[in-house]
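Asks: The lines below spell out each chain.
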Amino acid sequence: MASGSVLEGRLVAETLLLLLREYSPPGREEGAARVFMERARELGLEAWRDEAGSVYASASSRGPWLLALIGHIDTVPGWVEPRVSGGVVYGRGAVDAKGPLASMLHAAAAAGEGVVVAGLVGEEDDSRGARLLVDRGAPARMVIIGEPTGGDGIAIGYRGSYKLRVVCTSSGGHSSAPWMGDSALDKALSLVDRLREEYPGGSLWRSSMAVTGLCTPMTRNVLPTRAEVWLDARIPPGYSSAEMASKSLSIVEESGCIGEVADVVEPVRVSPSSPVPRSLQRALLSMGVRPRPVVKAGTSDMNLLAPIVDSIAAFGPGDPSLSHTPHERVSEDELEAAARVYLRAYRELRRVAGSSG
Amino acid sequence: MVKCPVCGLEVRIPEDAMPGELIEHDCGTLLEVVEDNGVLQLRVFEGDMEDWGE
Chain A
1 MASGSVLEGR
11 LVAETLLLLL
21 REYSPPGREE
31 GAARVFMERA
41 RELGLEAWRD
51 EAGSVYASAS
61 SRGPWLLALI
71 GHIDTVPGWV
81 EPRVSGGVVY
91 GRGAVDAKGP
101 LASMLHAAAA
111 AGEGVVVAGL
121 VGEEDDSRGA
131 RLLVDRGAPA
141 RMVIIGEPTG
151 GDGIAIGYRG
161 SYKLRVVCTS
171 SGGHSSAPWM
181 GDSALDKALS
191 LVDRLREEYP
201 GGSLWRSSMA
211 VTGLCTPMTR
221 NVLPTRAEVW
231 LDARIPPGYS
241 SAEMASKSLS
251 IVEESGCIGE
261 VADVVEPVRV
271 SPSSPVPRSL
281 QRALLSMGVR
291 PRPVVKAGTS
301 DMNLLAPIVD
311 SIAAFGPGDP
321 SLSHTPHERV
331 SEDELEAAAR
341 VYLRAYRELR
351 RVAGSSG
Chain B
1 MVKCPVCGLE
11 VRIPEDAMPG
21 ELIEHDCGTL
31 LEVVEDNGVL
41 QLRVFEGDME
51 DWGE
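Respectively, the protein sequence lines represent chains A and B. Note that the first sequence covers residues 1 to 357 in the numbering used here. Note that the second sequence covers residues 1 to 54 in the numbering used here.
Do not take every clue at face value.
To be verified - With the Cβ distance kept under 7 Å, some of the chain B side facing chain A (calculated, not the full set):
{"id": "1", "residue": "E24"}
{"id": "2", "residue": "G28"}
{"id": "3", "residue": "V39"}
{"id": "4", "residue": "M49"}
{"id": "5", "residue": "D51"}
No lab work stands behind these hints, which were simulated from the structure alone. Keep in mind that this is a model prediction, so the values were computed, not measured. For glycine and all other residues, C-beta sits at the position ideal for the given N, C-alpha and C.
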């Protein structure tokens, strides 16, 4: 590896580029995991994997660790050619979330034994990496999640979510006389309207329901006898995803269709003055950056991990509006600044732990 | 101790607070630490917390 400060943006960008060259949609993280561990060892860290396939690195694999920097090694599907141009790194996951993960790895290399960094698998799918931690316990009681927040945002909240699958059936009929027949598709569309009335969205503070799939038998002159609809519900902090899921199932049943709920994730909201968000605030302020508390419309591994740790927040480099787009990019300066914020936040947590213990 | 500009109840500013730090009061108001002639005060944080994505 080239010489220089381990936090130097050019070096973090090198790490990011190596990670980006390994295409790693959920279930295919093997190559990126290998690169992560190789790079961690080049940085002087120990590296290992867990049963889910998630990768870890720290100056000491024994722990205990004061802080866990938890990112994810998978990306959404879709290849974007990795490259560096004019100090900017391009590629699938540059923003969400190999950029934050690269900055975390370099921060861990600078921090010493009190920090462990994790690249979880499956965050963009079933969160199987985070779910294993929920079963086994988090590697530390203080956690920073690596997701893009623009380098000044501190994510203190995420909406919850659940997936709803609906199947409507009917006796069908001839499409020349729909008023005489019985269309499963019409039932499904009416149900979607009803659900959207109940969950109108419009801002992240209101529950929303997005149709993500609709499937019927394709015959041009027959009223469909079966319609299957997939919906993605998002629930703001202060509400219960489980309760909302139960309510939407009741609406489905009232319509005469059959519903099935999966992947229920509760919303999360933490205080900006709790230890980890405060450490991030102070790290940013010490670098002359005004912290910006944010609540996210989406859902992340922070939702799953918040109940099992003492304090948590998400922070990372990169413009979050570029996530999941073909335009993902992050600059060397952003990567370096984020690595410095992670390191300073750790030192702040260590200062507070030392003064209270 | 200073008073919350919204609910009027007392708020403790940490001894090590930095200007610009944000404190959430029990009433739910987000307050920003500001320095006024060397004295730390609180004002209501003005900013939009809504953000897109994960």
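Asks: Would the hint on E24(B) be counted as holding, given a Cβ-Cβ threshold of 7 Å to chain A?
Replies: holds, 5 Å
Asks: Should the interface hint for M49(B) be scored as holding, given a Cβ-Cβ cut-off of 7 Å against chain A?
Replies: holds, 5 Å
Asks: For the hint on D51(B), does the least C-beta distance to chain A fall short of 7 Å?
Replies: holds, 4 Å
Asks: Are V39(B) and chain A close enough, Cβ to Cβ, to be under 7 Å, as the hint says?
Replies: Violated, because the Cβ-Cβ distance from V39(B) to chain A comes to roughly 18 Å (cut-off 7 Å).
Asks: Does G28(B) pass the interface hint, meaning its C-beta sits closer than 7 Å to a C-beta of chain A?
Replies: Violated, because the Cβ-Cβ distance from G28(B) to chain A comes to roughly 10 Å (cut-off 7 Å).
Of the numbered hints listed earlier, those contradicted by the structure are 2, 3.
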